[in-house]
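In order, the protein sequence lines correspond to chains A and B.
Note that numbering that gives the first Met the number 0 gives residue 16 to position 17 of the first sequence, counting from 1, and the numbers run on in steps of one.
Note that numbering that gives the first Met the number 0 gives residue 35 to position 36 of the second sequence, counting from 1, and the numbers run on in steps of one.
Hint data in this document are derived by calculation from the structure and do not stem from the laboratory.
Quick reminder that beta carbons are idealized off the backbone N, C-alpha and C, glycines included.
One or more of the hints may lead you astray.
Unchecked claim - In silico EDC-like links for lysine to aspartate or glutamate, alpha-carbon gap of 16 Å or less:
1) K64/B with E304/A
2) K85/B with E107/B
3) K64/B with E166/B
4) K64/B with E351/A
5) K152/B with D3/A
6) K64/B with D3/A
7) K64/B with E301/A
8) K85/B with E244/A
9) K208/A with E224/A
10) K138/B with E57/B
11) K188/A with E351/A
12) K297/A with E348/A
13) K307/A with D254/A
14) K330/A with D256/A
15) K151/B with E136/B
16) K282/A with E244/A
17) K331/A with E351/A
Said to hold, decoys possible - In silico negatives: residues of chain A with every beta carbon more than 10 Å from chain B:
18) R181
19) L219
20) V245
21) G308
22) T345
23) P346
24) D347
What the hints assert, rightly or not - Computed from the model, here is a short list of chain A residues facing chain B with C-beta under 7 Å:
25) E244
26) K271
27) N305
28) V343
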Amino acid sequence: MKEDIRLLKGNEAIAMAAIRCGCDGYFGYPITPQSEIMETLMAEQPWEDTGMVVLQAESEVAAINMVYGGAGCGKKVMTSSSSPGISLKQEGISYIAGAELPCLIVNVVRGGPGLGTIQPSQADYFQAVKGGGHGDYKLIVLAPNSVQEMADFVDLGFELGFKYRNPVMILSDGIIGQMMERVVLPPQKKRLTEAEIEEKYLWATTGKKNNRKQNVITSLELDSESMEANNLRFQEKYQVMQEEEVRYEEYMSDDADYMLVAFGSCARICHKAVELAREQGIKVGLLRPITLFPFPKKQIAELAENKKGFLTVEMNAGQMVEDVRLAVCGKKPVEFFGRLGGIVPTPDEVLEALKTKVVQ
Amino acid sequence: MTEELIIAGFGGQGVLSMGKILAYTALMNEKHVSWLPSYGPEMRGGTANVTVILSDEEVSSPVLKRFDTVIALNQPSLTKFEEEVKPGGVLIYDTNGIKNPPSRTDIEIYTIDAAQKASEMGMLKVFNMMVLGAYLEVKPILTLEDVLAGLKKSLPERHHKLLPVNEKALQMGGDMITKL
């Protein structure tokens, strides 16, 4: 079959990939810099074709609760927003994690706090990987660094979500959302039928039949001992994710003296910084975590054995650097360089920071 | 081949769509491309710019501070981006409304008079195609035929009647560019 190659924005790629992967429903509320996701879905009118529901809710809170409802029925459902909107969704996300339901949440991050700017940022790292809402829960967090990965991670996100019955977040930013690149779109998958959902997802509320107990979807458990048991089960699941689902990419790390660590768009900028540094004879490599939870801590710990130092680069005041430091565990210096509030660092700035902060 | 380019001007001059046509045409010709716009409130009447990278290799950073080519279509853009041309690189600017011309001597500087010409000829809507034609005269990474094929493929059928005026604009741009 001929490849379906397009020139798309990251946001458009998310929308196209959602339709292609057999998504049942998208519920959203517009906010820059991710509004093209819903705009593209509305323009494509998938309800005419695959039957996918696309709905602009009255608020972010409504949208995430629609996702909660759809997910409870075993449907492949998603929402997207940008930072302030994602904050509004946190209560719902916590409920979905507590009720152990799969869904996909896309955050195209902009500069905060508050309404902040509409420019790119990575300042929602903590919110995405350390909880965000209340309670001891984890999201699987995928950090795309290209338009292609925006498309690919929709399907991957749903796959992981259903595998672990856990909400999955794509943590992107205004750069990846707004930029256009070549993207190969996946072939169209069929949406599951009601009968297939009933057969596949025994936990879903598909209508009680006489021969089975009713399925209950809730995050409420008033008996503390049972709630502790639930929590222990969640933690066990997160542990399995940590062991089995870590994804990362290395670039020029074999002979490197120093390592850059960066995710998403910053990793692209750092990739260029590695090229520039190598031109000047500085042996530096790059580690790019693709899953932010589970974090590639084992890999970073291994690198700490034979590298001289690390520089973590983020578009925030230093968030992932804490996880890098935990992994390096004091063995080598871990420095930080970041730009804040919607300012994007350039490869030259990264190189300069590498020279002044890390290279001896 | 890697070409790192920024096109900057006023919102409404067709800066972003010029970049898009360039990126789309390059994609059709098996190149790796990235197209990163400035986005946000500045799109409404203020300045707009787009970074376009065309390469035989995969594109690393879509965000750059130094460019092989800068195309500046107004004074603020010229002032801002002159210093971001790599030594030996190319600066193309439209002379319309320029009070402070560039002063660097370590780069190749070209001028076009496209804004004035487009206005005189009632061709303001294809001003950006004149600029693109001028650019491709200096950097023949793609042919005008490639661009027209790209336009034809990306435009809906009902707009295909506009192809001849775009072709004319591309050619005029190529003819009007002058080296300083």
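List, from low to high, the hint numbers that the structure doesn't satisfy. The structure conflicts with hints 1, 3, 6, 7, 8, 9, 10, 11, 12, 15, 16, 17, 18, 22, 23, 24, 25 and 27, although it agrees with all the remaining ones.
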